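Asks: So you can see what is in the structure, the chains are spelled out below.
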Amino acid sequence: MAAWRLVLIVAHKDLRAELRTKEAINSSFSFALVILLLFSFAFDPTAEVTREISGGLLWIAFAFAGALILNRSFAREQPNDCLDALIAAPVPSAALFLGKALANWLLLLGVEAFCFPVFGIFYNIRWTRQFWPLLLVVVLGTWGFTLIGTMFSALTVNIRLREVMLPLLVYTVMTPCLLAAMQATSLLLAGEPLAGEAAVWLRFLIGFDVIFTSLSLILVETVLAG
Amino acid sequence: MAAWRLVLIVAHKDLRAELRTKEAINSSFSFALVILLLFSFAFDPTAEVTREISGGLLWIAFAFAGALILNRSFAREQPNDCLDALIAAPVPSAALFLGKALANWLLLLGVEAFCFPVFGIFYNIRWTRQFWPLLLVVVLGTWGFTLIGTMFSALTVNIRLREVMLPLLVYTVMTPCLLAAMQATSLLLAGEPLAGEAAVWLRFLIGFDVIFTSLSLILVETVLAG
Amino acid sequence: MIAVAVEDVWKFFGDYPALREISFTVEPGECLALLGRNGAGKTTLLRIIAGFSPAGRGQVRVFGRTARAVETRRLTGVLGHGIAVYDELSAIENLTLFGKLYGLADPERAAREWLERTGLERVAHGLVREFSRGMRQRLAIARAFLHDPKLLLFDEPFTSLDDRAIAVLQSVLRDGLLRGCTIVMSTHQLREAMELATHVALLNQGRMVHRCERPPEMLSDPGWLYARYGDL
Amino acid sequence: MIAVAVEDVWKFFGDYPALREISFTVEPGECLALLGRNGAGKTTLLRIIAGFSPAGRGQVRVFGRTARAVETRRLTGVLGHGIAVYDELSAIENLTLFGKLYGLADPERAAREWLERTGLERVAHGLVREFSRGMRQRLAIARAFLHDPKLLLFDEPFTSLDDRAIAVLQSVLRDGLLRGCTIVMSTHQLREAMELATHVALLNQGRMVHRCERPPEMLSDPGWLYARYGDL
Amino acid sequence: MRKNIIYVLAVVAAVLLVRNLEVILLRVPVDAEQGNVYRNLYFHVPSAFTSLLGSILAAVASIAYLVYKDLKYDALAVATVEVAMVMLTVTMVTGSIWARVTWGIWWTWDARLTSTFVGWLLSIGYLVLRTAIEEPTARARISAVYAIFASADVPIIWFSIEWFRTQHPAPVLRAGGYIDPAMKSALYWNVPAILLVGVILVLLRLRQEEMRRELDGLRRLAHTLS
Ligand code: HEM
Ligand SMILES: Nc1ncnc2c1ncn2[C@@H]1O[C@H](COP(=O)(O)OP(=O)(O)OP(=O)(O)O)[C@@H](O)[C@H]1O
Ligand SMILES: Nc1ncnc2c1ncn2[C@@H]1O[C@H](COP(=O)(O)OP(=O)(O)OP(=O)(O)O)[C@@H](O)[C@H]1O
Ligand SMILES: [Mg+2]
Ligand SMILES: [Mg+2]
Chain A
0 MAAWRLVLIV
10 AHKDLRAELR
20 TKEAINSSFS
30 FALVILLLFS
40 FAFDPTAEVT
50 REISGGLLWI
60 AFAFAGALIL
70 NRSFAREQPN
80 DCLDALIAAP
90 VPSAALFLGK
100 ALANWLLLLG
110 VEAFCFPVFG
120 IFYNIRWTRQ
130 FWPLLLVVVL
140 GTWGFTLIGT
150 MFSALTVNIR
160 LREVMLPLLV
170 YTVMTPCLLA
180 AMQATSLLLA
190 GEPLAGEAAV
200 WLRFLIGFDV
210 IFTSLSLILV
220 ETVLAG
Chain B
0 MAAWRLVLIV
10 AHKDLRAELR
20 TKEAINSSFS
30 FALVILLLFS
40 FAFDPTAEVT
50 REISGGLLWI
60 AFAFAGALIL
70 NRSFAREQPN
80 DCLDALIAAP
90 VPSAALFLGK
100 ALANWLLLLG
110 VEAFCFPVFG
120 IFYNIRWTRQ
130 FWPLLLVVVL
140 GTWGFTLIGT
150 MFSALTVNIR
160 LREVMLPLLV
170 YTVMTPCLLA
180 AMQATSLLLA
190 GEPLAGEAAV
200 WLRFLIGFDV
210 IFTSLSLILV
220 ETVLAG
Chain C
0 MIAVAVEDVW
10 KFFGDYPALR
20 EISFTVEPGE
30 CLALLGRNGA
40 GKTTLLRIIA
50 GFSPAGRGQV
60 RVFGRTARAV
70 ETRRLTGVLG
80 HGIAVYDELS
90 AIENLTLFGK
100 LYGLADPERA
110 AREWLERTGL
120 ERVAHGLVRE
130 FSRGMRQRLA
140 IARAFLHDPK
150 LLLFDEPFTS
160 LDDRAIAVLQ
170 SVLRDGLLRG
180 CTIVMSTHQL
190 REAMELATHV
200 ALLNQGRMVH
210 RCERPPEMLS
220 DPGWLYARYG
230 DL
Chain D
0 MIAVAVEDVW
10 KFFGDYPALR
20 EISFTVEPGE
30 CLALLGRNGA
40 GKTTLLRIIA
50 GFSPAGRGQV
60 RVFGRTARAV
70 ETRRLTGVLG
80 HGIAVYDELS
90 AIENLTLFGK
100 LYGLADPERA
110 AREWLERTGL
120 ERVAHGLVRE
130 FSRGMRQRLA
140 IARAFLHDPK
150 LLLFDEPFTS
160 LDDRAIAVLQ
170 SVLRDGLLRG
180 CTIVMSTHQL
190 REAMELATHV
200 ALLNQGRMVH
210 RCERPPEMLS
220 DPGWLYARYG
230 DL
Chain E
0 MRKNIIYVLA
10 VVAAVLLVRN
20 LEVILLRVPV
30 DAEQGNVYRN
40 LYFHVPSAFT
50 SLLGSILAAV
60 ASIAYLVYKD
70 LKYDALAVAT
80 VEVAMVMLTV
90 TMVTGSIWAR
100 VTWGIWWTWD
110 ARLTSTFVGW
120 LLSIGYLVLR
130 TAIEEPTARA
140 RISAVYAIFA
150 SADVPIIWFS
160 IEWFRTQHPA
170 PVLRAGGYID
180 PAMKSALYWN
190 VPAILLVGVI
200 LVLLRLRQEE
210 MRRELDGLRR
220 LAHTLS
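Protein chains in written order, with numbering that gives the first Met the number 0: chain A, 0 to 225; chain B, 0 to 225; chain C, 0 to 231; chain D, 0 to 231; chain E, 0 to 225.
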């Protein structure tokens, strides 16, 4: 059977399980709100300066809130030892990984779609001026950190101290991706077009996505059935 | 036997177990560094404005990094069902809770002690100008969020979805405490004395600590052996 | 004094009654084996007696006191599936810790004594993390017996143990019975339990449908009780 | 063709050899019971045969192919302690999912068929979360058998099951054997295993010290093999 | 045998270092613009170079481990990561001192400095991750995957000065700017000296790691026998 069908089956399974209870997605979204709230204490959100850094704020909120969804990705398989059953099934590890990453990516995009308007209101930001370029950056940036998050979720699924280790590992490795996404987003939110510096960051983001997608697909079999 | 001896025994056990491997403390400290890094992307840390909000940044870093230590507090008891043994022992739940909170508090203060100089260098901030008032605020603020964190760690230790629910619950409840600590710290870092606004926030912090300490001690028996 | 007195205990999970009007007593020195199919309520009942969770209705008395009373806890030893010792601490540190929590006069000595009894004195300072399954199990036994409890509560103690580990556990339990301890345990491995049990009780869907002295038939045919109440 | 061929397999955890020069073959239709004390290496060996982790040295062939080959995985059914079905999905969704992953022609039909065989057709659309222990175990069995595997690998399948659940599992396994499946299982509950086993193998500290047809003595005295190799 | 090699290398390194120190401190002229701080250069650059080389070697060793499943490659990977981290620390410290004098601040968040810091955190992450996994084979496998992911930061550190506008200067050496030949040769002589120090440290750590592994195995064996 074509590998992409397996990818879809896995993604569909994860989405269905998640959407049935909406646990991760709800708490991820609420957590994003809490983070925005915390930040609004730390800074005066209406100040002009804050608006300049809004891209950064937004991606920090995405990264922290998204981690709740990403961590759960493989942790979801633990309670009944389901991961063993998936590894034992005649599904290439790469397909399994892509399926899970795909599901996570869609869930994250969903959460982000809710965050944007809320954020716009709280921080008084017009985010629709460069809508399509912004969408592109968000989609690529989210894919980058979904990849890393899903991979590390798989990597640490069986280690004691998962929760303690994950943030350190994940955020460090995904910094280049986050940095690029933040900078590009800040520029686009400021109304600049996707050219010059923003374009450089975008290219950087694409490079990151390509390299890390390939690395993940190559290494995932070792990670799961090493 | 006097209850405080039991408190010390429990705290000593937790500290010993942690210091033997230093897992939580290492990753908490490194995660604090990662957060400083992430923030530095979002804001230009050398700008004057950023220095004004440094108290906020610092406490957000403490809160997120500290959560790693707090989450582990009761999670540490899970692997071999140790919690059952503690609950079965003739130790009042309040003593158990205080012991764990005490250990967490000391660990957090240790991590924070490392963070301050690093933060000072990276963000170019002089934090020694109001040293003693600052210490007071840090100690009280840390106790407040240790309390909440430890309590929720106990509350969620047995639920599936621990990792997903915890951040949301904890940060929402500890917001007042964080807010007060942030504001007081920002003022003190800016070199102002512990009077006027800063003193108001300090009193708020003390109120929070007193109320939540009592609440926790009253409720913990229900939480653990409900 | 009666060791365990369970009076009309109910336990609800939501609306679902996991235990219904359970009443029984255990005399000191008895060894009661709780039998019952998966989901019958054995674990739930043991946890209530151990004070881990409160009964929904009815009450439990252990040596005349409530299950959560500090004095009761001092008299009770619990051993579930988990070994309940800390991986990061050494064998002796673990036992000393629990000795202190139980307020023993000389925790160190009690710890050494039990390490010796369970044959662990040579690895007293080894971290539990590095112990093999059998060694961990012995340490768990030492922990449960350390404070010389009068009532022992065991949930499926024989599960996943090999023949040798089962023999060790049985001999420690037998010693306990000789010293006058009271034992309540749940198990599916009837054969191993029947050698010790003086009484048996059968739970079915949260009700106690039978309680009696262990019939001699059950030594040779452990399924006897199930067969009698087979299709309940 | 030989069902499972294990050739000179070693497995190291660090420098510690959990398995040492294990070699044996299992013919199609055999039911091999792996015995051995706690820590002998049973789980490790089963996981290597199932392809969950690679051998450190030596090789495993399942129907002539490596353990991780996709074709091998299609022919193998695995059941460990965990039931390996999703709590958030219904029984039929679970089975259909695995049917699809195994590339069955009509996953839906296979799922219904196995729900019927395990007596779960009435709760096909119930979420697994709401199932009792026994129902979950049956669903797990259905999942393991769904794709009509030729080789079944079971790790302590009888642990924590009550008499009735054990009977169900035994009957399904017996059916499998009649249809020509090959079974390799580990267990400490010798009595339950011996009714099925055609062969037994004894592991001791990572070595296979004995392998033979199941001696008739073991039906009445399951400890026989341990007794012979008792203090290895 | 190995021990003898280490001794020989140590002697060579010592001779080289003494010779270089004499040249650096007494012979080469003072920089026209910067004064004496510029002598940092002779340690700043070689240690940066050694550490980047170390990170690359660690990634190669990790790939070798995943291919050959031989724990000696794992030992090589840890040893190089540790030494690379030490070297990177030297770079950061010398750089900070230099920056304090020439730029007036200890730290700034330009691309070179930030990516260096990320690299440092990545090695911390690697080492912390290793403490969380007891079983040596799983530890080797998981940390190898992490090291491969982390190595993506090396080119970013290297090229950051070309890709982005940085406060950190682009090296005059390569860009064809003018530098006093005496300075140049002193720098060129100190690169092999520091590199050699790195090699010696790696060899020492390697021995230590091997002995520890042996000890672990023996202890486990002893426990199973009792
Ligand atoms: C691995 C990363 C690094 C490499 C490869 C590197 C390399 C260099 C090189 C080749 C120079 C000499 C430039 C010249 O030709 O004048 C230099 C200068 C310098 N570096 Fe670095 N460096 C690194 C990291 C850092 C860090 C982390 C800091 C600060 C904390 C730093 C601070 C400086 C300073 C202050 C100078 C002198 C700048 C000036 O002359 O104005 N460097 N570095
Ligand atoms: N935390 C819980 N939440 C909801 N229901 C529960 C919970 N614990 C137990 N139950 C239900 O209560 C009933 C009794 O469970 P219990 O674990 O006591 O059975 P048991 O006799 O120990 O079974 P087993 O032999 O499988 O261990 C079961 O139907 C179970 O589903
Ligand atoms: N992940 C692991 N890391 C380190 N050592 C392990 C690991 N898994 C197993 N071992 C060791 O390998 C040996 C064999 O373990 P295994 O789990 O295969 O035994 P087993 O025969 O299944 O025992 P049991 O009857 O207790 O299930 C044991 O000494 C165990 O400590
Ligand atoms: Mg039970
Ligand atoms: Mg096993």
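These aren't lab readings, by the way, just hints derived from the structure by calculation. Since the structure is predicted, the reported quantities are computational estimates derived from the model, not experimental observations. Treat the hints with care, as some may be off.
With a straight-line cut-off of 30 Å between C-alpha atoms, the simulated DSS-like cross-links for lysine-lysine are [what the hints assert, rightly or not]: (1) LYS68/E / LYS2/E; (2) LYS21/B / LYS183/E; (3) LYS71/E / LYS183/E; (4) LYS21/B / LYS68/E.
Reference excerpt, derived from the structure (chain D facing chain C, CB under 7 Å, subset only) [unchecked claim]: (5) THR42; (6) ASP161; (7) SER219; (8) TYR225; (9) ARG227.
Where a beta carbon is used, it is the ideal one built from N, C-alpha and C, also for glycine.
Asks: Taking the earlier hints as the rules, which of them does this structure contradict?
Replies: Numbers 2, 3, 5, 7, 9 - these are the hints that the structure violates, sorted from lowest upward.
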